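Here the protein sequences line up with chains A and B, keeping their order.
Per the working numbering, the very first residue in the first sequence carries number 694; after that it's consecutive.
Per the working numbering, the very first residue in the second sequence carries number 694; after that it's consecutive.
Read the hints as simulated data drawn from the structure, not as lab findings.
Warning: the hint list may mix true and false statements.
[Said to hold, decoys possible] Taking lysine-lysine and the DSS-like style, the derived pairs with C-alpha atoms no more than 27 Å apart in a straight line are:
(1) 721/B - 766/B
(2) 884/B - 955/A
(3) 754/B - 950/A
(4) 721/B - 856/A
(5) 884/A - 810/A
(6) 863/B - 898/B
(7) 794/B - 970/B
(8) 950/B - 884/A
(9) 898/B - 721/A
(10) 743/B - 794/B
(11) 863/A - 721/B
(12) 856/A - 856/B
(13) 970/A - 947/A
(14) 863/B - 884/B
(15) 721/A - 884/A
(16) 766/B - 805/B
(17) 974/A - 884/B
(18) 743/B - 950/A
(19) 950/B - 721/A
(20) 937/B - 794/B
(21) 856/A - 955/B
(22) 794/B - 863/A
(23) 955/A - 754/B
(24) 710/A - 856/B
(25) 856/A - 766/B
(26) 884/A - 773/B
(27) 950/B - 955/A
(28) 710/A - 863/B
(29) 856/B - 766/B
(30) 937/B - 950/B
(31) 884/A - 955/B
The model shown is predicted, which means the values in this text are computed figures rather than measured ones.
There are 2 protein chains.
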Amino acid sequence: MRLALVGFGVVAQAFTKIIAERRQEILKRHGLNPRIVAVIDQGGYTVNPKGLVLERLLQDKASKSTVTEEQFKNHDLQAKISLVKEIEADVVVETTPTNLKDGQPGLSYLEKALAGKKHVITTNKGPLALSLPALMELAEYNGVELRFSGTVGGGTPILEFGKRCLVSDKLLSATGILNGTTNFILTRMEKDGMIFDEALAKAQKLGYAEADPSLDIDGFDTACKTVIIANWLFNRRVTLRDIKITGIRNVDLKQVKDANTKGRAVKLLGIVDSALKVEPKEVSRDDPLCVEDTLNAVKFQTEYAGEEIIIGRGAGGMETASAVLRDLIAIRERMAEEIMA
Amino acid sequence: MRLALVGFGVVAQAFTKIIAERRQEILKRHGLNPRIVAVIDQGGYTVNPKGLVLERLLQDKASKSTVTEEQFKNHDLQAKISLVKEIEADVVVETTPTNLKDGQPGLSYLEKALAGKKHVITTNKGPLALSLPALMELAEYNGVELRFSGTVGGGTPILEFGKRCLVSDKLLSATGILNGTTNFILTRMEKDGMIFDEALAKAQKLGYAEADPSLDIDGFDTACKTVIIANWLFNRRVTLRDIKITGIRNVDLKQVKDANTKGRAVKLLGIVDSALKVEPKEVSRDDPLCVEDTLNAVKFQTEYAGEEIIIGRGAGGMETASAVLRDLIAIRERMAEEIMA
């Protein structure tokens, strides 16, 4: 299977490492022989229809900050986007950074890849949060798959669990702690009595929060994931514009302490039920949903099996890369079914 | 798809209700049209190649304690077992009670069904715990599926999660609270300061524990589930004879209280790592695995995504019936693939 990687940051490098290390096993277990035929990064691109040498890609990135050879240096975004449409590849793996303003450049890459009849795997929440219904339609129209396991829960297969494991049941609602940074901040306020600003500073010091932490603490990251869950698992055709968002910037220490004395904890929740919203709410300490620090958790309410909860790390390069591989295996299965049909 | 039900207790009746209520939806979503062509129960059997009337089955069971009509009353076990082999059905759903001594009569039903080239779904832990490696071989030899989602976690798709969701990762170990009754007893000892006998009596009063509670409190039920996890998810060819089992009969209140003062709780754990065992162990309250009352939880340690935990109700008729439906859908998918191949 021929892959084109768009973006070659932490996740794409980890993914490249996994397939380099586990090539034999992936072939044996899944009949899957992934060949990276193109990599586009900020410096330009590198292409080899026979397959690029993975170790070389990783070395070049480490030593030169780009995989691009001298003759392919090209900072023209339009040229790169055209390349994605025209290159002979089966799957495009898009891992460029999230942009919630207009979803670019990820959104253009995704659109061109799908229009070029390539299956797409993305870990980029921006384009999905802004345009998931349209992208799903575009994929369906072109008869290709659009997968994005890594956007919710990192390596923890929350979307997969909801889709494949709850297949015989009926999903009634989902409630999730979907952002590790805000969960860390709220946990430190509760456990260490830090005020919000101190806890945020600590999260930044530990590398959990960006210098501009708005994406996390104002609830946008949680909202993106909630929108993705609503589309993928509840067939709601919604975008970021349809969700009511309240972040944790105004959660004060008194509120956290008051909750604590009642055996409860304040958590930033993404909720899909009759409503669609993100807000800080009190959760009972006895509720298995009530996880601490950077953990993520989602509680699904189902008709027959009651409440089912899945918990895991919500982020991390290697974790998210394992989600990309999971998507690739799912696409491989779909392709095999089509060949047989 | 033609189904033969062997056993018509709580789970089989709940399953029958689900397909009666959701027939249209199951057909539309999964292309699956389940037709129950035979039911064997303690009174005898009832057969109709065109499909039995589901409402009638449920009414008969409620009013007469058997679905068997006068002319089919037959308490000869051998006759019933032969019927299972010879009947024209695609799938046998076996839900007779668990027997850990010799697995009977479930084991004979399963063997005959598989030898008769029928796919099998069972919720009966006895035959699996005693003979899972041999049964898996028998299924493979006859080119049919053997499924048993409902044996671990009731409706919570623990086996499915391990198999389908962790497909791109590597499973390193599993640790589970797999028995609701013992978890209820230990929780009441901890929270209410009950001694073991009081907590057991309360569990019995609430219907969580049998009159003979040995299966639960001596760890056998947990051991069965641990053996099933080891076979299904870790490719270990083991049976109940290969697992070291310690129950909770000797857990005293002091031990529970001592753990509590250290922020820990005593839980009966089934463990698959380099060893295979069941034993009461202390678990930190901060560990998401540490669920209370009758909840079940399993923690999977994976290579790339770290720890992933799944929590849910571990039992219940409707819950387990939803697992049977999940297995049926999986078998339907497998049959569809084979027709295409």
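Structure-based check of each hint:
1. A C-alpha spacing of about 37 Å is found between residue 721/B and residue 766/B, which places the hinted pair above 27 Å, so the restraint is violated.
2. The hinted pair formed by residue 884/B and residue 955/A meets the criterion: a straight-line CA distance of about 17 Å does not exceed 27 Å.
3. The suggested pairing of residue 754/B with residue 950/A is violated, with an alpha-carbon distance near 55 Å, which exceeds 27 Å.
4. Distance hint between residue 721/B and residue 856/A is fulfilled; the C-alpha atoms sit about 16 Å from each other, no more than 27 Å.
5. Pair hint residue 884/A plus residue 810/A does not hold up; C-alpha atoms about 51 Å apart against a cutoff of 27 Å.
6. Between residue 863/B and residue 898/B the CA atoms are separated by roughly 43 Å; this puts the pair beyond 27 Å, and the hint is violated.
7. Distance check on the hinted pair: residue 794/B and residue 970/B sit about 19 Å apart at the alpha-carbon level, within 27 Å; holds.
8. For the proposed pair residue 950/B and residue 884/A, the alpha carbon gap of about 23 Å is at most 27 Å, so the pair holds.
9. For the proposed pair residue 898/B and residue 721/A, the alpha carbon gap of about 52 Å is over 27 Å, so the pair is violated.
10. Taking the CA atoms of residue 743/B and residue 794/B, the gap is near 37 Å; set against the 27 Å cutoff, the hint is violated.
11. Among the hinted pairs, residue 863/A with residue 721/B is consistent with the structure: their alpha-carbon atoms are about 14 Å apart, no more than 27 Å.
12. For the given pair, residue 856/A sits about 14 Å from residue 856/B by alpha-carbon distance, which is consistent with the 27 Å threshold.
13. For the proposed pair residue 970/A and residue 947/A, the alpha carbon gap of about 24 Å is at most 27 Å, so the pair holds.
14. A threshold of 27 Å between alpha carbons decides the hint, and for residue 863/B with residue 884/B the separation of about 37 Å lies outside it, so the pair is violated.
15. With a C-alpha separation of about 47 Å, the suggested pair residue 721/A and residue 884/A falls outside the 27 Å cut-off, and the hint is violated.
16. At roughly 21 Å between alpha-carbon atoms, residue 766/B and residue 805/B fall within 27 Å of each other, so this suggested pair holds.
17. Distance hint between residue 974/A and residue 884/B is fulfilled; the C-alpha atoms sit about 26 Å from each other, no more than 27 Å.
18. Under the criterion of a C-alpha separation no larger than 27 Å, the hint pairing residue 743/B with residue 950/A is inconsistent with the structure, at around 65 Å.
19. This hinted pair does not check out: residue 950/B and residue 721/A have alpha carbons roughly 50 Å apart, beyond 27 Å.
20. For the hint linking residue 937/B to residue 794/B, the alpha-carbon distance of about 17 Å falls within 27 Å, and the restraint holds.
21. The hinted pair formed by residue 856/A and residue 955/B fails the criterion: a straight-line CA distance of about 39 Å is larger than 27 Å.
22. Between residue 794/B and residue 863/A, the direct Cα distance comes to roughly 37 Å. Violation of the 27 Å bound is thereby established for this hinted pair.
23. A C-alpha spacing of about 48 Å is found between residue 955/A and residue 754/B, which places the hinted pair above 27 Å, so the restraint is violated.
24. A distance of roughly 23 Å separates the Cα atoms of residue 710/A and residue 856/B; the hinted pair therefore holds under the 27 Å criterion.
25. With a CA separation close to 43 Å, the supplied pair residue 856/A and residue 766/B exceeds the 27 Å bound.
26. Taken as a hint, the residue 884/A and residue 773/B pair is broken in the structure, with Cα atoms around 62 Å apart against an allowance of 27 Å.
27. Among the hinted pairs, residue 950/B with residue 955/A is consistent with the structure: their alpha-carbon atoms are about 23 Å apart, no more than 27 Å.
28. Of the supplied pair hints, the one linking residue 710/A and residue 863/B holds, its CA atoms being roughly 15 Å apart against a limit of 27 Å.
29. With a CA separation close to 41 Å, the supplied pair residue 856/B and residue 766/B exceeds the 27 Å bound.
30. The straight-line distance between the Cα atoms of residue 937/B and residue 950/B is roughly 26 Å, inside the 27 Å bound, and the hint therefore holds.
31. Simply put, residue 884/A and residue 955/B have alpha-carbon atoms about 17 Å apart, close enough for the 27 Å limit, and the pair holds.
Of the hints listed earlier, those the structure fails to meet are numbers 1, 3, 5, 6, 9, 10, 14, 15, 18, 19, 21, 22, 23, 25, 26, 29, in rising order.
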